[in-house]
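Colleague: Below are the chains, spelled out letter by letter.
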Amino acid sequence: MISSARQSFRERLEKWLERRQPETVREVFSQHNLYIFPSMQFVGFLVVTIMMWLAGTNYENNLVLALTFFMLAIFVSTIFRTHANLSGLEISVTGCDRAFAGDKLTIHLNVENPTKHDRLGIVLQWTDANPVSLDVPAKSTVQTEVRLQTQRRGWLNPGRLRVETTYPLGILRAWSWPRLQLNALVYPKPMPAEPTAGEQSEGGEGQSHKRGIDDFGGLSEWQPGVSPQRIAWKQYSAGRGLLEKTFEAQTLNPEWLDWENYAGLGTEQRLSALCAKIIEMEELGQHYGLRLPGQVFPPAQGEMHMHRLLSALAIYGLDENPEGDEDG
Amino acid sequence: MVNQKFTSSPKTEKLQLSRLQQGWLVLALSVTCLPIWFYVPIWVAIFCLVPISWRLRVLWKGGAQPSRKVTAGLAVLASAFVLWQWYPPIGLEPMSTLLIICCALKFLEMRVIREARTVLYLCYFIAAIQLIYEQTVFHFLLAVLSIILTLTAQNMAERDPWQQYSFKSFSLFPLKSVGWIALVSIPLTIIIFLFAPRVPSFWVVPVSEDQAVSGISDTMSPGSIGELARSSKLAFRVGFEDEVPPRRSLYWRALVLSDYDGQAWTNRENFMTIQDGGRTHFPGSNRPAPEWLDEILYEGQPLEYDVYQEPTSQHWLFALAAPTSQENGLGMTKGLRLVSRQPITQRVKYSVTSYPDYRMTGDVLDYRDRYRNLHLPDEFNPRTRELAESWTSQGLSPDQLVSRLFSLFRSEHTYTLNPGAFGTDSIDEFMFDRTRGFCEHFAQATVFLLRAAGVPARIVSGYQGGELNADGNYLMVYQYDAHAWAEYWVEGRGWVHADPTTAVSPERIELGAREILKEDPDFLADDVFSLARMQDINWLNWLRLRMDSVNYLWVSWILGYDNEQQFDLWQGLFGDLSIKRLMIILSVLAVLIMGAIGFNLWWISEERKRPRTQRQFDQFRSELLKAGVDLEPGFTPSRLAEQSRGQNPNHDSRIDALCQLFEQHFYAGVDNRQKINALLKKKS
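Chains A and B supply the protein sequences, listed in that same order. Going by our numbering, the first sequence opens with residue 1, and the numbers climb by one from there. Going by our numbering, the second sequence opens with residue 1, and the numbers climb by one from there.
Worth double-checking, as some hints may not be accurate.
In the BS3-like style, the derived pairs of lysine-lysine whose C-alpha atoms are separated by at most 30 Å in a straight line are [to be verified]:
| # | chain 1 | residue 1 | chain 2 | residue 2 |
| --- | --- | --- | --- | --- |
| 1 | B | 626 | B | 681 |
| 2 | B | 349 | A | 116 |
| 3 | B | 69 | A | 139 |
| 4 | A | 139 | B | 176 |
| 5 | A | 139 | B | 168 |
Only part of the chain B face toward chain A is listed, based on derived beta-carbon distances under 7 Å [unchecked claim]:
| # | residue |
| --- | --- |
| 6 | 121 |
| 7 | 181 |
| 8 | 183 |
| 9 | 185 |
| 10 | 561 |
Derived by calculation from the structure, the hints in this document are not laboratory data. Cβ coordinates follow ideal geometry from the N, Cα and C atoms, glycine included.
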């Protein structure tokens, strides 16, 4: 009963908020999207003020009463002051890192203060993540990041960001709930698994990648454009000139990572297994392609390629898709 | 761009305090508790200083805080001391002692910000409590300073402790920003002060009566009034409605002393309900008026005035003869005095109406009164008795006795502040041997002689005269104005006033005590540097009077502001008041205040300082956004036009023109303000 009432209140609140603060890339705080209410600390402040009033009244002491009224007036001016501490600030997302499910995903934010006053004690928090507290000096922009715990693959939707401040006195809390447009993709959790089917058909390749990085092929003349990782630094320091390490794997046929190879496993396990495989291939410097039901990614190599494939795994089978193409 | 190092902090409540935060806290705590130390026993200071210095040591030199057991032990010890000093621990002193010790111990043991807040809230309350002890301008300013410093410490507690860890990052910025909040709050404070209704006390507050305050006492021995002439402390101020009466008629009655044991004169009736031989009349009470009230005829021109009395820790008040008052808790006695139900432990104000031309029917002096006012111990002062008997045998009436005595004084006695110590037969010694004395010696001799002659007589003590401060049309009455005189009973006329000092030293009454005594080495001996001594230096005297008028304004306007004055202010401002009107006025006032503060904030806000064209452009941009145009922040006006052309079905030449004007204005340095205004108006 109560929980359903709470649920409907939540929904109505969300609807109302959606009207006031729709999804955006950049939120500018003003009286349209700022809320203010006494904080828990105000209880202490109120108790002290009431005690002062009682003392002033009982001892018929006008000066104690004057101090009591001074405290009240301070409270009223603090309402405006606390509100003004957020008003005028601009917040925007500058980028989101990628993360594997279960890891922490970092979101990069810019908090801009175009005004002439320092804004202190600003706290950013996404539901259950650790709050980030920062000061934004006048006429400046502060770059900050929030790390969010991810649970499952797909587009990360942590809900509304809570931007709040209790500065200057802590007795009032001003806050806003911007819904920032995120571009945060969570890859499946990599969990290596033995292929259950189809391994025989491509057995040759299956074995070749197992030899892995140990299969040092030999050294050849260094060409411009080769990754510094491949330079044989040991030989270089021995005065033999720049040589490139070549690997057996590179010379082999491209590896095909196939959805069908893991028949019998659940969707998520298959994705995790493929994910682990992609990372492994990339580390080996192997050319690899991916076959998913309805999607084929031709073999290639490199970080861009890896991210494209991982993204495909991340959103596999999910409908929601934020506008804008991700670029790895 | 400032690159902010990633800081992820747990809930601020559990954060450790930084050194700077603790520094501000200790400053606020010290300033707040300082005034209280003057009113509590000396051991309290030790209980405060030990925890504070311990914490400071930890702060400066490092090391561990004491465990909770140690602070708990200190708390128990302090409570034991409090119980030992005051049992039962009720009243202002034990309360403020416990408060400041609590505050200091909490300061010692606090570890996180939440605990620091407890200290802060205690500080606010202590700042207010110290004003119950003293209500001078200085103490009020000190309390305001304490509050501002505590607010600053609270402000510091709101800041991330990691960002300003050491004292090196000290700045006055927090004090400035809190000071600004305080400044903005002053108008609202004044308005609430003026208009917030005052509620009577909820319960009777216990006050200690053992504070030693100099002033006249209810026991008068030879020399006790002369002792007061050594002090230039203020006793009370009086503000008159109309003209101030001449000095010679200003006899401020405080006590009536009828009981004599051969050495000292006292008032043995130490009850609130019965004073001076009759029931005390409290105007507010529902008991019927006592009978003696019918024997006094309140006639003639009434004299209205307000008395602002300094604390005496006593019940008696100061008023001119035949006083009446409607104040709550104030009583009128049969001896034509005013008394207060509560001892006067802080500065008070009361309004009095006196009838200087009152008459007494003086029909009967009841048996008890007659006995008290005739009683003399047998064995003392035989020579004065003899004189009294010889005069009675000549058949002199009481009035004749008095004039005979006064002419004796006039011819043979001298008025002096310090006649030296007297033996057991002090009145004989004064009358015939030394013939020198101060007002109380003359008054005692008068009463003794009259009693010996069979005329009921008593001593009245209080103050005589007062210095006029022309600045504010008020009187300042000092301790050195203390005085004693006599009253004797005449059938048909009641108690008759007789001041022997008028006979021996009329200047004392006409010019005041200071003029007569200023050459006396004992006068103001306790206040060597008192400004009152230097009244002959003109500019110093001018300064002294100015300073006192400021104090008087403070006392009469701030301390004396009560329901009555509030009502007068209401009436003066809004005329007769109905509830409906009151509500309207209150809501208008509330709106005005909020509006004023809001306006103030807007006035200093950045928004106002942005160029108007910039604001117009933002407005224009948001209109396009509403029309469904896809815009990103930072688009130039020409880019805006481009986007609008593609996506806005209502796109027209006006939008193009406006965008062009904005572009030129912002980037080409062309002043297009008028054109933009014109185009924007065109639509509406």
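Colleague: Should the interface hint for residue 181 of chain B be scored as holding, given a Cβ-Cβ cut-off of 7 Å against chain A?
Modeller: holds (5 Å)
Colleague: Given the hinted pair residue 626 of chain B and residue 681 of chain B, is their Cα-Cα distance within 30 Å?
Modeller: Holds: residue 626 of chain B and residue 681 of chain B sit about 19 Å apart, inside 30 Å.
Colleague: Within a Cα-Cα threshold of 30 Å, do residue 349 of chain B and residue 116 of chain A meet the stated pairing?
Modeller: Status violated; Cα separation ~50 Å.
Colleague: Run the distance test for residue 69 of chain B versus residue 139 of chain A: straight-line Cα separation, threshold 30 Å.
Modeller: violated (50 Å)
Colleague: Taking the closest Cβ pair, is residue 121 of chain B under 7 Å from chain A?
Modeller: holds (5 Å)
Colleague: Would the pair residue 139 of chain A and residue 176 of chain B pass a check requiring their Cα atoms to be no farther apart than 30 Å?
Modeller: Roughly 20 Å separates the two Cα atoms, so the pair holds.
Colleague: Between residue 139 of chain A and residue 168 of chain B, is the straight-line Cα distance small enough, at 30 Å or below?
Modeller: holds (24 Å)
Colleague: Verify the interface restraint on residue 185 of chain B: the C-beta must sit less than 7 Å from at least one C-beta of chain A.
Modeller: holds (4 Å)
Colleague: Residue 183 of chain B was flagged as interface toward chain A. Is the shortest Cβ-Cβ separation under 7 Å?
Modeller: violated (9 Å)
Colleague: Would you settle whether the hint for residue 561 of chain B is holds or violated, based on the nearest Cβ-Cβ distance to chain A being less than 7 Å?
Modeller: holds (6 Å)
Of the numbered hints stated above, those contradicted by the structure are hints 2, 3 and 8, listed in ascending order.
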